[in-house]
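J.: Listed here are the chains, written in short residue letters.
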Amino acid sequence: MSVKKDKLKIGIFSLSSCEGCLVQMLNLEDYLLEIFENLSLVECRILGVKNGDEIDVAIVEGAVMSDDEEKRLAKIRQKSKILVAFGDCACHGGKFIVKDFDVEEIDTKLPRTGKFRAYPLDKYVKVDYYVFGCPVDKGEVLDLFKDLLLGRIHVSKSYNVCAECILRENACLLDLGIPCLGPITRGGCKAACPSVGRECIGCRGLAEDANIESLISIMKEKGIEIPEYLYNLQKYARGGST
Amino acid sequence: MSKIFLEHITKIEGHLNFTVIMKGDQVVKAKAEALEGTRLLERLLLGKNYQEIPDIASRMCGVCQAIHRITAVQAIENAFGIDLPEEMEKLRKLVVIGGHLQSHILHLFIFVLPNFLNRRNIFEMLPQHRKLISNALRLKKLANNITESIGGRAVHPVTPIVGGFSKLPSRRTLEITLKMSKEFKKLAEETLDSILSLEMPKFERKTNYVSLYSGEEFPLLKGSVKISNGELFKPSEYEEYIEYVTEEYSTARHYLLKKEKLEYMVGALSRVNINYDFLSDTAKAAAKTYGLKYPSYSPFENNKAQALEILHFADEMILLVEDLLYKQPKYKKVDFKVKAGEGVSITEAPRGLLIHHYKINEHGKVEEANIITPTAQNYKNMEADVATYATRLILEGSENIEFELEKLVRAYDPCVSCSARFFREH
Numbered sequence: 001m002s003v004k005k006d007k008l009k010i011g012i013f014s015l016s017s018c019e020g021c022l023v024q025m026l027n028l029e030d031y032l033l034e035i036f037e038n039l040s041l042v043e044c045r046i047l048g049v050k051n052g053d054e055i056d057v058a059i060v061e062g063a064v065m066s067d068d069e070e071k072r073l074a075k076i077r078q079k080s081k082i083l084v085a086f087g088d089c090a091c092h093g094g095k096f097i098v099k100d101f102d103v104e105e106i107d108t109k110l111p112r113t114g115k116f117r118a119y120p121l122d123k124y125v126k127v128d129y130y131v132f133g134c135p136v137d138k139g140e141v142l143d144l145f146k147d148l149l150l151g152r153i154h155v156s157k158s159y160n161v162c163a164e165c166i167l168r169e170n171a172c173l174l175d176l177g178i179p180c181l182g183p184i185t186r187g188g189c190k191a192a193c194p195s196v197g198r199e200c201i202g203c204r205g206l207a208e209d210a211n212i213e214s215l216i217s218i219m220k221e222k223g224i225e226i227p228e229y230l231y232n233l234q235k236y237a238r239g240g241s242t
Numbered sequence: 001m002s003k004i005f006l007e008h009i010t011k012i013e014g015h016l017n018f019t020v021i022m023k024g025d026q027v028v029k030a031k032a033e034a035l036e037g038t039r040l041l042e043r044l045l046l047g048k049n050y051q052e053i054p055d056i057a058s059r060m061c062g063v064c065q066a067i068h069r070i071t072a073v074q075a076i077e078n079a080f081g082i083d084l085p086e087e088m089e090k091l092r093k094l095v096v097i098g099g100h101l102q103s104h105i106l107h108l109f110i111f112v113l114p115n116f117l118n119r120r121n122i123f124e125m126l127p128q129h130r131k132l133i134s135n136a137l138r139l140k141k142l143a144n145n146i147t148e149s150i151g152g153r154a155v156h157p158v159t160p161i162v163g164g165f166s167k168l169p170s171r172r173t174l175e176i177t178l179k180m181s182k183e184f185k186k187l188a189e190e191t192l193d194s195i196l197s198l199e200m201p202k203f204e205r206k207t208n209y210v211s212l213y214s215g216e217e218f219p220l221l222k223g224s225v226k227i228s229n230g231e232l233f234k235p236s237e238y239e240e241y242i243e244y245v246t247e248e249y250s251t252a253r254h255y256l257l258k259k260e261k262l263e264y265m266v267g268a269l270s271r272v273n274i275n276y277d278f279l280s281d282t283a284k285a286a287a288k289t290y291g292l293k294y295p296s297y298s299p300f301e302n303n304k305a306q307a308l309e310i311l312h313f314a315d316e317m318i319l320l321v322e323d324l325l326y327k328q329p330k331y332k333k334v335d336f337k338v339k340a341g342e343g344v345s346i347t348e349a350p351r352g353l354l355i356h357h358y359k360i361n362e363h364g365k366v367e368e369a370n371i372i373t374p375t376a377q378n379y380k381n382m383e384a385d386v387a388t389y390a391t392r393l394i395l396e397g398s399e400n401i402e403f404e405l406e407k408l409v410r411a412y413d414p415c416v417s418c419s420a421r422f423f424r425e426h
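So the protein lines, in turn, are chains W and U. The numbering used here applies: residue 1 is where the first sequence begins, and numbers increase by one. The numbering used here applies: residue 1 is where the second sequence begins, and numbers increase by one.
Please keep in mind that the hints were generated in silico from the structure rather than gathered at the bench. The reader is advised that the hints may include incorrect statements.
Each computed PhoX-like pair below joins lysine-lysine, with the alpha-carbon atoms no more than 25 Å apart [claimed, not checked]: (1) 48(U) x 220(W); (2) 222(W) x 167(U); (3) 190(W) x 332(U); (4) 186(U) x 141(U); (5) 146(W) x 141(U).
Per the computed footprint, the stretches of chain W lying under chain U, defined by three or more beta-carbons under 8 Å from a beta-carbon of chain U, are [unchecked claim]: (6) 46–53; (7) 145–154; (8) 187–197.
Given the structure is predicted, the values throughout are model-derived calculations rather than measurements. All C-beta atoms, glycine included, are put in the ideal place defined by N, C-alpha and C.
Please build the complete structure, drawing on both the sequences and the hints.
T.: What follows is the structure in structure tokens.
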């Protein structure tokens, strides 16, 4: 290791969320120390790190839910070269779990936040990389750090959950009459839910060539009751970079 | 009027400010201000099919998701009148205990310990304490693996569903879980000295302590609720005993004991204060070795109560897996009928009493939902402690008031995401 190079300066930020994605990052126990020794962690509230203002990469978790957060996000974008939307709240505004699209904006009297809203980061700023999932997959978080350290472009999986489900030799839940969203959902989770008998609920957003109409017709054919939220997915849980 | 302002307190879950308002040298009021966007999770549950509820409820919090999921499942099961065989409840306890252990370890070793060693974070501890940090991370990994092996995922587990499980662990999985549990216990005994031997600030303020209590075992998923003043009530009666107050400065609701109009504390310290007798022998022996006496009236002792719980849950985990290896559940799901009903479940989350309450109609859709999280219940007590402690620090002429007050808030292990769900339609 003779090449002396400045370490990549990373900031980890959190907007409104459950912080499960940050927990998932900390769940990389075997690699955590090594990762942060090879990087220079400039800011991370949950770990108690604040070492200056200059950053190369901002990893941002959570959805924008208040004016204050909108301003914070703009500042973060301004001072970073690469901005990563980390987890479903940051990528889609946590929409998959909301599933009830009437509550897009509720006119309630809320202290501090004003109107209710939950929007993804790319509604306000340019996002360079997306790490999907609720929560994010540990393996994909590790991939992100590897890419950042090596200066590679981080590419999200384009294929669907079925691709990984088949590799694990699982029985197809649709064949068992269970409304699984695997065929239209972006892969990368190694089919975590279908592998333990739970239908995919689409937490990673739509796969790039998702064909919702076709899934609906397959479900109808198999006599599966179609979940109401399926019809709304096209509009909200979009592929990310659009 | 002057004030002490703690902004975006670090090393806690979520965004929290604390303001202490002063008049001269006198503390007038301390305010716990949750800043998290209001996530309206209860509103999102309305009209949803009962099967979707646990998936959404677990997103309340990324640290204590396992207990949110199981509490939601239990509340719905209570509404439908479902009883589970003992083996299945043991499996659920395992999922939850893994979650509790990882949460306590995260709090004690990554959030709390650096401050007591005069470091700002774990990275500054590395040069001198690398082995300790690696051990703590190993413990965290084992705890996560245990939740994952039974629950399907470590963060937001998926297998526990209404009526049972979507998939049961194989015998092989249980055998591996037993091995991991034993490794966990051994390593925990070696590692926890670093927490149990810390000298905590000498600060006491007696308050009301509230915890589940069964009179049979250390509380987790079942029991009545006991208040340290002697009152005992059933989960379904909670609305007669606790009430919420809203504060304009916070996106979270705050809670008080309804009859007394007094603040109260939930969490590891309350559990140990009320259920000390039911701790495992290993945990009791550690309490004796380190001279810990209960009831304790120091909020800082919540840290050590968590450490004792790690030892207790490690023992319980081993017993549970051994039982399950001897007698596994015969089937993964019990039969039940969807019907209109109301269900309450009160459990012990890592940070204290957790209440889920649902009213479900005959089609299995949720009509009303109420969720009360531990941190929301603790805010009023935190404010009273901060006001009292600030007064004392000022009197003593302390130079590090902000730092010491942050330590106090952190001892509660607050989880702001959970608490910030304030919702008021008008």
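J.: Between residue 190(W) and residue 332(U), does the CA-CA distance stay at or below 25 Å?
T.: Between residue 190(W) and residue 332(U) the Cα gap is close to 23 Å, so the pair holds against 25 Å.
J.: Has the stretch 145–154 of chain W got at least three residues whose CB is nearer than 8 Å to a CB belonging to chain U?
T.: violated (count 0)
J.: Does residue 222(W) pair with residue 167(U) here, judged by a C-alpha cut-off of 25 Å?
T.: holds (23 Å)
J.: Do the alpha carbons of residue 146(W) and residue 141(U) lie within 25 Å of each other, as the hint requires?
T.: Distance ~21 Å between residue 146(W) and residue 141(U) Cα, so the pair holds.
J.: Holds or violated: residue 186(U) with residue 141(U), Cα cutoff 25 Å?
T.: The hint holds at about 14 Å.
J.: Hint check: residue 48(U) vs residue 220(W), CA-CA at most 25 Å. Holds or violated?
T.: holds (21 Å)
J.: In terms of beta carbon proximity below 8 Å, does the stretch 46–53 of chain W have 3 or more residues touching chain U?
T.: holds (count 5)
J.: Are three or more residues of the stretch 187–197 of chain W within 8 Å, CB to CB, of chain U?
T.: Since three or more residues must qualify, the claim that chain U covers the stretch 187–197 of chain W holds, with 5 doing so at under 8 Å.
Hint compliance for this structure: hint 7 alone is broken.
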